[in-house]
Amino acid sequence: MNDVEEAVVRAHREEWARVVATLTRRFGDIDVAEDAAAEAFATAVERWPSDGVPPAPGAWLTTTATRKAIDRIRRESKRDDKQKEALTVYDDDPPEPLGAIDDDRLRLIFTCCHPALATEARLALTLRMVGGLTVPEIARAFLVAETTMGQRITRAKAKIKAARIPYRVPSAEDLPTRVSGVLAVLFLVFNEGYLATGPDTDPVRQDLTAEAIRLTRLIRTLLPDDGEVTGLLALMLLTEARRPARVSATGELVALDEQNRGAWDAELIAEGHRLVRERLAAGVAPGRYQILAAINAVHTSARDMRDTDWSQVLALYNQLIRLDPSPVVALNRAIAVAELDGPEVALAAIDRLEPELAGYHPFHATRADLLRRLGRGADSRAAYDRAIELADNTAETAALTRRRDQLG
Amino acid sequence: MQYLVSVIDDKENPGSTDRQPAISEFNDRLIAEGYWVFAGGLADTGAATVVDNRGERAVVTDGPFLESKEYLAGVWVWEAPDLDVALKLATEASKVCDRKIEVRPFQ
Chain A
1 MNDVEEAVVR AHREEWARVV ATLTRRFGDI DVAEDAAAEA FATAVERWPS DGVPPAPGAW
61 LTTTATRKAI DRIRRESKRD DKQKEALTVY DDDPPEPLGA IDDDRLRLIF TCCHPALATE
121 ARLALTLRMV GGLTVPEIAR AFLVAETTMG QRITRAKAKI KAARIPYRVP SAEDLPTRVS
181 GVLAVLFLVF NEGYLATGPD TDPVRQDLTA EAIRLTRLIR TLLPDDGEVT GLLALMLLTE
241 ARRPARVSAT GELVALDEQN RGAWDAELIA EGHRLVRERL AAGVAPGRYQ ILAAINAVHT
301 SARDMRDTDW SQVLALYNQL IRLDPSPVVA LNRAIAVAEL DGPEVALAAI DRLEPELAGY
361 HPFHATRADL LRRLGRGADS RAAYDRAIEL ADNTAETAAL TRRRDQLG
Chain B
1 MQYLVSVIDD KENPGSTDRQ PAISEFNDRL IAEGYWVFAG GLADTGAATV VDNRGERAVV
61 TDGPFLESKE YLAGVWVWEA PDLDVALKLA TEASKVCDRK IEVRPFQ
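As you go down the protein sequences, you meet chains A and B in turn. In terms of this note's numbering, the first sequence has 12 at position 12, counting the first letter as 1, and numbering is strictly consecutive. In terms of this note's numbering, the second sequence has 17 at position 17, counting the first letter as 1, and numbering is strictly consecutive.
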């Protein structure tokens with residue numbers, strides 16, 4: 001890639017959301033903004049090789065996109081009012097007074113993650129409008145046909161317009177609940193990248209984990225005092241740090257106890273630990289993401305599995321289960337119980353979860369492991385069989401199959 | 001922007017029947033704050049009649065167009081600047097009516 005191409009790619013990554021967001025504010029129309037931003041990038045691809053990369057690519061793109069939008073509005077005669085509106089606001093209009101935070105991109109994120117939109121639409125719109133991913137890229141990420149994903153995005157944008165979902169950061173009283181919806185979307189993107197589903201996908205999708213981290217960093221620069229935003233970023237960094245050790249050369253998922261800890265990304269771990277300490281120092285009761293980040297901080301502090309401070313992990317799970325008394329949390333807590341009180345106690349604890357988790361493959365995988373440690377080979381094999389049947393990540397299926405076949 | 005705000009009741013699990021005073025009070029507030037356009041409660045779905053004159057002859061049928069356990073019990077039309085304002089009011093309305101509320105914009 002030459003310098004100019006690289007500059008275009010970088011500008012796309014760094015400036016797409018800002019250009020779309022600024023134009024959405026000016027023209028009050030997410031479609032006009034997106035089309036104009038796409039045209040501006042196309043113009044950059046055409047012009048920058050001969051004219052050179054402008055000193056401020058973001059400003060160049062915003063100005064170009066604004067002109068494109070005005071041209072388009074002029075062409076569409078039925079939009080007389082819009083045209084007048086657009087022309088009157090063209091010159092350096094000061095941003096209108098905002099709620100808690102003054103950033104167009106943040107408004108765009110909250111619009112894309114509005115609770116009146118279905119979860120899958122929120123995911124798709126966020127990746128498209130804020131992340132700048134193309135429709136085919138998003139379709140591939142979520143294993144749906146391109147036309148389906150295109151329709152999903154079109155429908156969501158139509159609902160924003162028809163129902164008049166505001167382009168606005170929610171008021172201070174609504175902010176906490178609305179931020180949690182945004183974080184849930186980003187965590188879904190990350191998890192899909194970290195344990196990708198489907199028989200023909202890479203088991204780990206670094207493009208998605210990277211995008212989720214980038215967007216969460218963006219939210220953190222915009223909402224630096226929100227503990228859960230920081231917690232989620234720390235959680236993602238500490239999880240991402242282990243990625244290089246997570247899939248073996250033969251394409252198997254490597255469990256935490258067998259990972260080569262030397263392969264972990266020390267820089268990401270250091271940053272994650274710093275963020276966890278920052279939240280501890282804040283002295284505010286932590287939410288779900290902060291506790292999960294703290295659990296991951298304990299794991300990434302240990303030299304090996306035995307060295308892990310399991311009582312600290314269990315204490316954190318006890319704290320988490322009070323906030324989120326779900327069977328999945330109870331299952332993960334039982335893994336710490338197994339290390340402290342033995343597999344028999346843990347097995348008794350997870351067997352109680354069977355009615356709720358019968359269709360959840362990690363339940364059967366955990367059970368298989370505990371049964372193996374208790375020397376109950378036949379039961380363990382049956383549990384592995386069930387886990388393999390339910391798992392849909394290729395590397396995980398491979399690892400479960402090997403463990404089952406080692407039972408002898 | 002105007003929104004049609006539908007009050008949805010459930011035949012198997014109906015909302016409580018003592019809501020009228022609270023609804024009247026809520027309506028007074030909607031009027032005072034400028035959101036009110038129109039409102040009305042509906043008679044039972046048993047009182048509905050469907051007319052279909054798309055064919056050669058008009059056909060008149062007893063009953064609602066759709067038989068389901070959930071049904072429309074009443075409507076409001078609100079004037080609100082955006083969906084967030086409408087949803088905030090709908091959240092209160094659901095509590096006041098003790099029923100589900102659907103919010104749908106007019107075209």
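Honestly, I wouldn't trust all of these hints.
Unchecked claim - Only pairs whose alpha carbons sit at most 20 Å apart, straight line, appear in this in silico EDC-like list of lysine to aspartate or glutamate:
#1 159/A - 79/B
#2 161/A - 70/B
#3 159/A - 44/B
#4 88/B - 31/A
#5 68/A - 51/A
#6 161/A - 44/B
#7 88/B - 46/A
#8 69/B - 44/B
#9 159/A - 31/A
Unchecked claim - Over the 12 Å line for every Cβ pair with chain A, so calculated as not near, a few chain B residues:
#10 1
#11 8
#12 10
#13 22
#14 55
#15 58
#16 68
#17 71
#18 75
#19 87
#20 88
#21 95
#22 106
Treat the hints as calculated values from the structure; they're not laboratory data. Predicted model, so just to flag it, every value in this text is computed and none were measured. Ideal placement from N, C-alpha and C gives every residue a C-beta, glycine not left out.
Going through the hints against the structure:
Distance check on the hinted pair: residue 159/A and residue 79/B sit about 18 Å apart at the alpha-carbon level, within 20 Å; holds. Taking the CA atoms of residue 161/A and residue 70/B, the gap is near 28 Å; set against the 20 Å cutoff, the hint is violated. Simply put, residue 159/A and residue 44/B have alpha-carbon atoms about 31 Å apart, too far for the 20 Å limit, and the pair is violated. A hinted pair counts as satisfied when its Cα atoms are at most 20 Å apart, and residue 88/B with residue 31/A does not qualify at roughly 26 Å.
This hinted pair checks out: residue 68/A and residue 51/A have alpha carbons roughly 19 Å apart, not beyond 20 Å. As the CA atoms of residue 161/A and residue 44/B are separated by approximately 34 Å, the hinted pair breaks the 20 Å bound. Restraint check for residue 88/B and residue 46/A: not satisfied, since their Cα atoms lie roughly 47 Å apart, outside the 20 Å limit. About 12 Å separates the Cα atoms of residue 69/B and residue 44/B, which keeps this hinted pair within 20 Å; it holds.
Taken as a hint, the residue 159/A and residue 31/A pair is honoured in the structure, with Cα atoms around 12 Å apart against an allowance of 20 Å. Not every CB of chain A lies more than 12 Å from the CB of residue 1/B, the least distance being 5 Å, so the non-interface label is violated. With a least beta-carbon separation of about 17 Å from chain A, residue 8/B lies farther than 12 Å from that chain, consistent with its non-interface assignment. The claim that residue 10/B lies off the interface holds: its Cβ sits roughly 22 Å from the closest Cβ of chain A, which is beyond the 12 Å cut-off.
Its beta-carbon lying about 23 Å from the closest one in chain A, residue 22/B satisfies the requirement of being farther than 12 Å from that chain. Residue-level check passed: residue 55/B sits 32 Å from the nearest beta carbon of chain A, beyond 12 Å. Under the 12 Å C-beta cut-off, the non-interface status given to residue 58/B relative to chain A holds; the minimum distance is some 33 Å. Annotated as non-interface, residue 68/B keeps its C-beta farther than 12 Å from every C-beta of chain A; the closest such distance is 22 Å.
In this structure residue 71/B is separated from chain A by more than 12 Å, as the shortest Cβ-Cβ distance comes to about 23 Å. Against the 12 Å criterion, residue 75/B stays outside the reach of chain A, whose nearest CB is about 17 Å from its own CB. For residue 87/B, the non-interface assignment is contradicted: its Cβ lies about 7 Å from the closest Cβ of chain A, within the 12 Å cut-off. With a least CB separation of 8 Å from chain A, residue 88/B falls inside the 12 Å interface cut-off, contrary to its annotation.
The claim that residue 95/B lies off the interface holds: its Cβ sits roughly 17 Å from the closest Cβ of chain A, which is beyond the 12 Å cut-off. Separation of residue 106/B from chain A is inadequate, the least Cβ-Cβ distance of about 9 Å not exceeding the 12 Å criterion.
Comparing the model with each numbered hint stated earlier shows that hints 2, 3, 4, 6, 7, 10, 19, 20 and 22 do not hold.
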